[in-house]
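As they're listed, the protein sequences go chains A and B. Taking the working numbering, the leading residue of the first sequence gets 255, the next gets one more, and so forth. Taking the working numbering, the leading residue of the second sequence gets 49, the next gets one more, and so forth.
Don't read these hints as lab results, they were simulated from the structure. Please read all numbers here as calculations on a predicted model, not as lab measurements. Cβ coordinates follow ideal geometry from the N, Cα and C atoms, glycine included. There could be a bad hint or two in this list.
Okay, derived cross-link-like pairs now, DSSO-like style, lysine-lysine, Cα gap no bigger than 30 Å in a straight line [to be verified]:
1. Lys562(A) - Lys544(A)
2. Lys71(B) - Lys60(B)
3. Lys902(A) - Lys962(A)
4. Lys465(A) - Lys1013(A)
5. Lys737(A) - Lys672(A)
6. Lys266(A) - Lys313(A)
7. Lys161(B) - Lys383(A)
8. Lys383(A) - Lys125(B)
9. Lys680(A) - Lys71(B)
Some chain B residues flagged as far from chain A (calculated, every beta-carbon gap over 10 Å) [what the hints assert, rightly or not]:
10. Leu61
11. Gly159
12. Asn189
13. Glu195
14. Gly210
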Amino acid sequence: MADVTFTVDGKKLTAPAGTLLIDACRKAGIEIPAFCYYPGLSLQAACRMCVVRQEKVPKLQTACTTTVAEEQVFITESAEIAQARKATIELLLGNHPLDCPVCDAGGECELQDMTFKYGAGESLYAEAKRHREEQQWSPAVFYDRPRCILCYRCIRMCGEGMDVWALGVQNRGASAVIAPNGGDTLDCEQCGMCIDVCPVGALTSGSYRYKTRPWEMNHVSTVCTHCADGCKVSLGVRQSSDGSEIVRADNRDKSGINNDFLCAKGRFGFDFVESAERLSKPLIRNTDGKLEPTTWEHALRFAAGKLKGIRDTQGGAAIGVIGSNFTTNEENYLLQKFARTVLQTNNIDHERTADYASFARALAGNPSRAAGMRETLTFPAILLIGGNPTEEHPLLAWNLRTNVRLNRARLYVANDKKIKLERQAKAVLRLPANGYAALTDYLGGSDKVIPDASFREALLAEESLLVIFGQEYRGAAIEALVKWGCTRNNVRFALLGDYANSRGASDMGLLPDLLPGYVPVSQPGAFNVEYPGMPARGGKTLPEMLQAAMSGQLDALYIVGANPFAHAAVSPAALKSTFLIAQDIFLTETAALADVVFPAASLYEKTGTATNAFGDVQLVRKAADHAGVKPDFEILVRLAGAMGVDVKSLVPFGSGVTADFGQTRGAHSGEADRHAVWLAANGLEPKLSPFDPLAVLDEIERLIPTYKLDRMNLFAGNDVPVEPGFVPVSALAGTDVVTPAHNGLFTSGTMGHYSPGLKDLQRHQTSPMLTGTAAD
Amino acid sequence: MSNETMTIFSPKLAARFDALVQKYPARRSALVPMLLYAQDEIGYLSDAVIAEVAERIGITELDVRNVATYYSMLRFKPAGKYNVQVCTNISCMLRGAYDVFERFQDELGVGHKGVTPDGLFSLEEVECIGACCWAPAIQVNYDFHDELTPESVSGILAEYRGKAKAEGTVSHA
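Please work from the sequences and hints to get the whole structure.
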């Protein structure tokens, strides 16, 4: 809409006509307090905190419902307004307990801040406050009724934002309470968004309540380690006896790719980090066949000696390496470089959850066809093929719902099953089982398998289209779909993988036939010089390596952050002739079979970068620390060092500017200060340590053409898009090696087994608990 | 839901509901009248009533409860066969409504929102019933009794006891 000019507190402001006054003011740096207003949700005008004086209008107006028009004049701060707001607070405090010293929200409470600002410290009310017992609605959500100020944010967030509609308000006046749909329990997706938007301490989190005070934590924003959406999660970290522990995960700074959103896994599934089952010492299998703790030095020397011996006598082909979906790009890159140049083998792979290699090949030569996560929030028309984002990609589902609700985007769903997002869809095409290949023909104009032309006609009428698909498409099917899209203008694509850095693992070349950036092993180009000693032929895929190991044809297997033996019943005897090194957070099924186990740091305990399913690269920041564990990066470097490798040939550290700019913080020190951000962004930060992942990031940027990162943005904590497809990709290994994880809202592969929070939620979802406090 | 075998309501009321949900531009506009009619027939808003009303309108049971709990004249527990509502707002109060209310309490042996053990009577104190000119007034179900004194209480109760006997229904429950 056309811009209008109006006056606020004597300042001339300009905003599009129809903008809400509260938004226009906030953009201009004029703070208007509000409890019930929440950007993006419907208007409530319940709290009366945002009242302002509008010229020529007899009564105070609510800024959250007033739309701006030409020549309006407003006053937002005056004695009269302060008095009105003070009176509102006095009313709110009528029944609100003043238990701030023990309230979880104390220190982060909007009511506390407002009381402080408007000084409603006294009250004319002599009546006793009405107390009611607190209720536990689920393992994740607690409701303290007297603290509630009835702003309705939770109700709207649950309904409009999440499309769950599990919360309502019951009774009226002073008796009114927020009520969950199950009477006194919550039957919902347990996302915890209601806790997040609660301006006071009425809704509190089961995992965090009464554990600490907000000001006793450091807040570190990093990338969530669960699904492939790449949400930014703020971890509240506190000193503990063996390092520093994570007490809370939430979306405190809201500056990430996920904006307001965070799901149950991000919010409650951080606790695996603090699990008592964490490995904290290296283990070596002793002569009795039992794993026993040892020192890092001994474990590294032993493993390095074995690997070196096998390489020198049997050749690199006798060694296999399996990488991780959870380690950083730098670690993945270093792992494959270690495999290829030190172990001299192309037997390297990871548990693939989507066929990113075929996606890269299909997009080769078609620039600007890949879409980032942010585009799912703004694209005017979206075709969602297969999958169930509500369960497997909660942020994507949130973005699609928000885009439909706020921007009137058109969502088209093609699926062989009914999914929840159909409620937002403009049109739904029900595919026959295994009908995904036929869908490409259908889009191209064939009605042979799917006789419903109306869906296609609606799609083709769109001027631009974002096509989102997942593991249903592999190999040639991806190529055919992308080919169809590239015949049209403004069609973009996104391929959904399953884990935090699944995309990064592919991009970094954890593949037997492809090098970083999907450069074929058979035509290595620049890698010929970069990777001396690399074998010329492609290696074994993950299933082939497992097969070889179990039939005694692989002398060593090095498994980093993966659990390939989770489901296969393998007897230790079958692996007798294979020297197995496992590097993981827990003693997984795989690690339990190993000869040497290295305890690794989780993604929340290291620095680096990660790439989400959409190709958005983000900085991973170290939040917590755990005595005894090491980041995979450091373990790799030390393992190579113990094998007698010149570490400088692996990690290009110690180059560039040699002066120390007064920087005493290392790469793993956690939150970088602004000076360090600038230095890092300009490549001036001295990489003095062989354990500095950023030194490898320099090399990644140099060797992978698509990883040309906007470093200033990256180091400031923003998401930076990369696009696959500028390099030719030749024939690939079989597509059958893709094994989608199908994690739901409360499962997260092996890691999820070690999260008490997620397990509680799973139990609650199958059989809601009985709570002690009845609704009255 | 026009299938009568699925409904907990009488065929007549079910038919009325079928028409009611079609009557308004938005189906949920029919909610409050439906709750009132359902309460008249069933006696109170049971879980089954709430479930069926939600189903008929196409909203969640939570939505129905959100609305229903707002209104003090909608109840979630059974009342007596004859629900005695004593107005104690200003006109009635000034003309002795509390004496009348107390007499009802004494005679029935129950207090505000109480139900007699035989299920015949329930008693509640209510806000203005619009009979100020003839204060103090009470409403028993949909019947008015006005210009009362404590002495008229026993006569009114006897009248309804007789009515119940004539109909052959003593216990509501």
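Evaluation of the provided hints:
Distance restraint check for Lys562(A) and Lys544(A): the Cα-Cα separation of roughly 24 Å lies within the 30 Å cut-off, and the hinted pair is therefore satisfied. Straight-line distance between C-alpha atoms of Lys71(B) and Lys60(B) comes to about 17 Å, which keeps the hinted pair within the 30 Å bound. For the hint linking Lys902(A) to Lys962(A), the alpha-carbon distance of about 23 Å falls within 30 Å, and the restraint holds. Between Lys465(A) and Lys1013(A) the alpha-carbon distance is near 20 Å, which keeps this suggested pair within the 30 Å criterion.
Straight-line distance between C-alpha atoms of Lys737(A) and Lys672(A) comes to about 27 Å, which keeps the hinted pair within the 30 Å bound. Between Lys266(A) and Lys313(A) the CA atoms are separated by roughly 22 Å; this keeps the pair inside 30 Å, and the hint holds. Distance restraint check for Lys161(B) and Lys383(A): the Cα-Cα separation of roughly 24 Å lies within the 30 Å cut-off, and the hinted pair is therefore satisfied. Taking the CA atoms of Lys383(A) and Lys125(B), the gap is near 28 Å; set against the 30 Å cutoff, the hint holds.
For the suggested pair Lys680(A) and Lys71(B), the alpha carbons sit about 27 Å apart, so the restraint of at most 30 Å is met. With a closest Cβ-Cβ approach of about 25 Å to chain A, Leu61(B) is found to remain outside the 10 Å limit, as its non-interface label requires. A cut-off of 10 Å between C-beta atoms confirms that Gly159(B) is not in contact with chain A; the least separation is 18 Å. Against the 10 Å criterion, Asn189(B) stays outside the reach of chain A, whose nearest CB is about 25 Å from its own CB.
Every beta carbon of chain A lies more than 10 Å from that of Glu195(B), the smallest distance being close to 32 Å; the non-interface claim holds. The beta carbon of Gly210(B) is kept farther than 10 Å from every beta carbon of chain A, the shortest such distance being approximately 38 Å.
The structure shown violates none of the earlier numbered hints.
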